[in-house]
Amino acid sequence: MLEKTKFDQVFESLSRTIAGRTSRRGFIGKVGTALAGVALVPLLPVDRRGRVSRSAHAASGTREGWKPQDNDPSQCDYWRHCSIDGNICDCCGGSLTNCPPGTKLSPSSWVASCYNPGDKQSYLIAYRDCCGKNVCGRCGCLNTEGELPVYRPEFANDIIWCFGAEDDAMTYHCTISPIVGKA
Amino acid sequence: MLEKTKFDQVFESLSRTIAGRTSRRGFIGKVGTALAGVALVPLLPVDRRGRVSRSAHAASGTREGWKPQDNDPSQCDYWRHCSIDGNICDCCGGSLTNCPPGTKLSPSSWVASCYNPGDKQSYLIAYRDCCGKNVCGRCGCLNTEGELPVYRPEFANDIIWCFGAEDDAMTYHCTISPIVGKA
Amino acid sequence: MTHVHSTPELLAKYRAALLGGVASLSLLVAGAAYAQQGPSGAEVPKHLDEKATSQLEDDPQILSASTPDSRRIYITDPAHFAVATQTFTIDGNEGKVLSITDGGFLANPFAATDGSYFGLASTVYSRVSHGKRDDYIEVYDAKTHDVIADIDIPESRFLVGTYPWMTTVTPDNKSLLFYQFTPSPQVGLVDIENKKFVRMLDVPDCYHIFPTSNDTFFMHCRNGSMAKITFDKDGKVDVKQTEAFHSESEYLINTPAFSMKAGQIAWPTYEGKIFMIDVSSGEAKFGKHFDVFSDEEKADNWRTGGWLPVAYHRNSGQVYLLADQRAKWTHKYSSQFVFVHDAKTGKRIRKIELGRDIDSIAVSQDDKPQLYALSTGEKTLYILDAETGKELHKVPELGHGPQVIVAHDN
Amino acid sequence: MTHVHSTPELLAKYRAALLGGVASLSLLVAGAAYAQQGPSGAEVPKHLDEKATSQLEDDPQILSASTPDSRRIYITDPAHFAVATQTFTIDGNEGKVLSITDGGFLANPFAATDGSYFGLASTVYSRVSHGKRDDYIEVYDAKTHDVIADIDIPESRFLVGTYPWMTTVTPDNKSLLFYQFTPSPQVGLVDIENKKFVRMLDVPDCYHIFPTSNDTFFMHCRNGSMAKITFDKDGKVDVKQTEAFHSESEYLINTPAFSMKAGQIAWPTYEGKIFMIDVSSGEAKFGKHFDVFSDEEKADNWRTGGWLPVAYHRNSGQVYLLADQRAKWTHKYSSQFVFVHDAKTGKRIRKIELGRDIDSIAVSQDDKPQLYALSTGEKTLYILDAETGKELHKVPELGHGPQVIVAHDN
Chain A
1 MLEKTKFDQV
11 FESLSRTIAG
21 RTSRRGFIGK
31 VGTALAGVAL
41 VPLLPVDRRG
51 RVSRSAHAAS
61 GTREGWKPQD
71 NDPSQCDYWR
81 HCSIDGNICD
91 CCGGSLTNCP
101 PGTKLSPSSW
111 VASCYNPGDK
121 QSYLIAYRDC
131 CGKNVCGRCG
141 CLNTEGELPV
151 YRPEFANDII
161 WCFGAEDDAM
171 TYHCTISPIV
181 GKA
Chain B
184 MLEKTKFDQV
194 FESLSRTIAG
204 RTSRRGFIGK
214 VGTALAGVAL
224 VPLLPVDRRG
234 RVSRSAHAAS
244 GTREGWKPQD
254 NDPSQCDYWR
264 HCSIDGNICD
274 CCGGSLTNCP
284 PGTKLSPSSW
294 VASCYNPGDK
304 QSYLIAYRDC
314 CGKNVCGRCG
324 CLNTEGELPV
334 YRPEFANDII
344 WCFGAEDDAM
354 TYHCTISPIV
364 GKA
Chain C
367 MTHVHSTPEL
377 LAKYRAALLG
387 GVASLSLLVA
397 GAAYAQQGPS
407 GAEVPKHLDE
417 KATSQLEDDP
427 QILSASTPDS
437 RRIYITDPAH
447 FAVATQTFTI
457 DGNEGKVLSI
467 TDGGFLANPF
477 AATDGSYFGL
487 ASTVYSRVSH
497 GKRDDYIEVY
507 DAKTHDVIAD
517 IDIPESRFLV
527 GTYPWMTTVT
537 PDNKSLLFYQ
547 FTPSPQVGLV
557 DIENKKFVRM
567 LDVPDCYHIF
577 PTSNDTFFMH
587 CRNGSMAKIT
597 FDKDGKVDVK
607 QTEAFHSESE
617 YLINTPAFSM
627 KAGQIAWPTY
637 EGKIFMIDVS
647 SGEAKFGKHF
657 DVFSDEEKAD
667 NWRTGGWLPV
677 AYHRNSGQVY
687 LLADQRAKWT
697 HKYSSQFVFV
707 HDAKTGKRIR
717 KIELGRDIDS
727 IAVSQDDKPQ
737 LYALSTGEKT
747 LYILDAETGK
757 ELHKVPELGH
767 GPQVIVAHDN
Chain D
777 MTHVHSTPEL
787 LAKYRAALLG
797 GVASLSLLVA
807 GAAYAQQGPS
817 GAEVPKHLDE
827 KATSQLEDDP
837 QILSASTPDS
847 RRIYITDPAH
857 FAVATQTFTI
867 DGNEGKVLSI
877 TDGGFLANPF
887 AATDGSYFGL
897 ASTVYSRVSH
907 GKRDDYIEVY
917 DAKTHDVIAD
927 IDIPESRFLV
937 GTYPWMTTVT
947 PDNKSLLFYQ
957 FTPSPQVGLV
967 DIENKKFVRM
977 LDVPDCYHIF
987 PTSNDTFFMH
997 CRNGSMAKIT
1007 FDKDGKVDVK
1017 QTEAFHSESE
1027 YLINTPAFSM
1037 KAGQIAWPTY
1047 EGKIFMIDVS
1057 SGEAKFGKHF
1067 DVFSDEEKAD
1077 NWRTGGWLPV
1087 AYHRNSGQVY
1097 LLADQRAKWT
1107 HKYSSQFVFV
1117 HDAKTGKRIR
1127 KIELGRDIDS
1137 IAVSQDDKPQ
1147 LYALSTGEKT
1157 LYILDAETGK
1167 ELHKVPELGH
1177 GPQVIVAHDN
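Residue numbers (my numbering), protein chains in the order written: chain A, 1 to 183; chain B, 184 to 366; chain C, 367 to 776; chain D, 777 to 1186.
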């Protein structure tokens, strides 16, 4: 899991220092509307060192740690959900990778590297929130594999990741777990 | 419990027919603001025949029926709560007869006749809602002793009885159970 | 109030103008120009989005729901009088939640008879539970669940535990009728097709709205009669009231079953007598009523109980009543049994033991009907075979206290 | 939007004006006059209120809460990212809920250091969860709980799981500071005293707000440093950044403890190292840090865990850490133990076994402190003697998922 992938080429140089500079911009035009609907998804700066998820733990949601399964995407311990915080869209009218009817799909995401017990590979998951509705409430799920504090926001799952969604939708409904690629 | 009281003199002639006439008024000035804060509380037309609550049943909230106690006003089976639907203000920062800080006291009410197992008398209770906040959520309570359908609204507890509260507050927070007098 | 300003002082002036003050045109225009700037809180963070973009292996989309059939239902969760409520779109065939729609305080669901849209009559406040009240009708496409109309109405919706038939579409699906309790009884007429509120119609001291044609509906009145209300384009209302059809001590529940397509109302009392009101001719006929319970069952304390304790299956003419053995005055508590009777003969066809506490029932209108049994306490919908009572699906986690089931094919 | 209109067409015009269209003065004035009429939905029903009024034997009033002391706390329930949230005012002495205050999406509580007021930075939408966003600061009297200020702010609050110290008053209680994440990091300055938003202040890529004087606050930055931010009346911002005080692999939790009165920040890592940051001099000093767990305990997998896992008692200089034996990367799950250490020496003073899963802790600042232990799952606050761990009170039914404890005497 330490071999180089195409993602390493993208993210390799990124570390916590990249955004440490002072940002003195004023209010600026919205980037979100320009991004919505395009195929290129803005992934945030990623530094995955040391945070590839492990495979040998008990059920999720407990102090026992993470033990993923690979057969039921509606369950919190499905492997792709290793760093989700919220509700699984599959239970809310969506699916593992699609948003429920009537929601707005966020183009921005936080990321985690999750271990698939099926093929014993790790994948980079870009969690994308489905927005513009009150919280779904079904299949609540908190996993924190490789979850970093808010000062490393690209890995932080407390944040409402609805940035750039259509209609400026910023309310949280549920989260999908699409794959970026192998980690 | 069938002897005449002062309330009988007020309510005796009231029956379902009183408001059966056609009401063809247009939009009118607000009565509520005129009523708020006055000592005279508008009680709604009351016909108590046959709906004096009984004393010999099991715990409230079940098909077993109503069995009131007279020692803990924060419990749903406290005798005065015999026809409450909502939350008991005593658990929300209020008390048996006072609204919580920050709410608005409704001058209007639905009524029920409740049996006090302490003195073995029945009393007319004018349930008044404390309004202007989201539902309290603590000490939820549904009792339906003598509770009548919506076409007899003065006895109907599904209605938000915030009519006339200050600031037109119409959201439901909790309910107090003041006594009108002996029934 | 608007999401685009950064000068609250200016905004305060516009608000004052809106609420009764005075504002100059130039101020308004200046504000409008300003409004194009300022943050939305929804931009992709500039300090984070520059370094990396990448294509996903997956291609996320927003789904569309299946085309509604007679097993499409909507479950509304008033969340015990909460200011935020949810309505779950459910496909009975699969026992699957298709989408969730948000409503405000005591939002009242409705659905087009052809299934093309559904909606909510709703009330919100500018500060969650206080501040300015805003009543509105929001209409959603039944497949995409996108908002297709947002119609402002007067702030006078009747705020009451959610009853079906206190808000309803007309048979042609072009209009909506909603009830007003105060300051005086009125029914609001909303033009769904043209997305505008039309007017309030004065009505007697009556409740519920049962449309029989596009300009006529029936109501049930305090004195026990039915009122036939006819209105014309100018707001003129004609009222024709029947004699009382039930006695003062026969308490009719708040949530009768109504088949708009058949023109039949099935209306139980607390004690299990069912009044069948036939409005199919355009007049109210009270020929049929029957007792669900035998004298022996009555002696054993069998009574109606639940939030929506009655359902009507149109083609078979069967009435379903949720009931149990219970004390008097427990008419809103859950029950564990459903009694199925023939509405014409009043005879019992079968009795279904649910095996759990159920608060609301409904049936699908197809020929092999599903029985929907909703448990408010468990927050779970059980979908049963209406013939056998066999459980077909179970749909859990339906909010905080789901109570209401609405179908379009009624 | 307004509760007083009956002509939605007119209103639509005002809205268009507000949002960027054009409206004439006469229209506005006409609308204002019209606005005095129409129903509010809040009138006493005319068909019911005429027949009977009567004096009650009881004389209902609206209560006022007791004067806050150091055991007055506020518990906020974000209800798992819901659009409607609650903040419970609790008197620790009695273990009693004094009042409940409503907030919107991810409302962030704050309290005046003298206890005179508390408030929420909040976000609402015109249609429950969609439509127009409105961010605002609402301030409440700590006794009456009446709204004493409602201040409009730009729609750019950082919407994130509720962290204390992402929104805070200044030491003089006259101003409020709130965090903006996007489009670029800024801190909003609100004049509480004069009830108006002042301006946004540009800040580096840093997080949290720890005020040390009325024009100075510290933040913690992405690169592991602290930034000292000083601002003047004209919005000029001066930034002074320290060297990084922790390594990249030492992950500091999102919810440190800060005593504004003592100028001390206690900031644990996932692994139980605690950084003490002394800002009492007006500069950030990093002299003290210590490991809560011995090497043996570390080997036994003792780690920090919870939502608010750290508390600081000002006079005694004691740090409380919520921890348990746990796998790596379980830093947000509940714990059953509290470790109490002397912040100066780093030495352990005692260890409290809670006997249940607790997510958030706080201590009162009096000399016989109470330990507040909040269980999100049980929705219950346990009030314990901070010395002995003995349970003094239990306060259940605190919403849907209470997570946050705020005290004014910090």
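Some hints here could point you the wrong way.
What the hints assert, rightly or not - Capping the alpha-carbon separation at 27 Å, the derived lysine-lysine pairs in DSSO-like fashion look like this:
1) K561/C - K908/D
2) K664/C - K717/C
3) K1012/D - K1104/D
4) K908/D - K509/C
5) K182/A - K1104/D
6) K412/C - K1004/D
Said to hold, decoys possible - Some chain B residues well away from chain D (every beta-carbon gap over 10 Å; in silico):
7) E247
8) Q258
9) R321
10) H356
Derived from the structure by calculation, the hints contain no laboratory data.
The beta carbon of each residue, even a glycine, is placed where N, CA and C say it ideally should be.
Indices of hints not satisfied (ascending): When the structure is compared with the hints, numbers 3, 9, 10 turn out to be violated.
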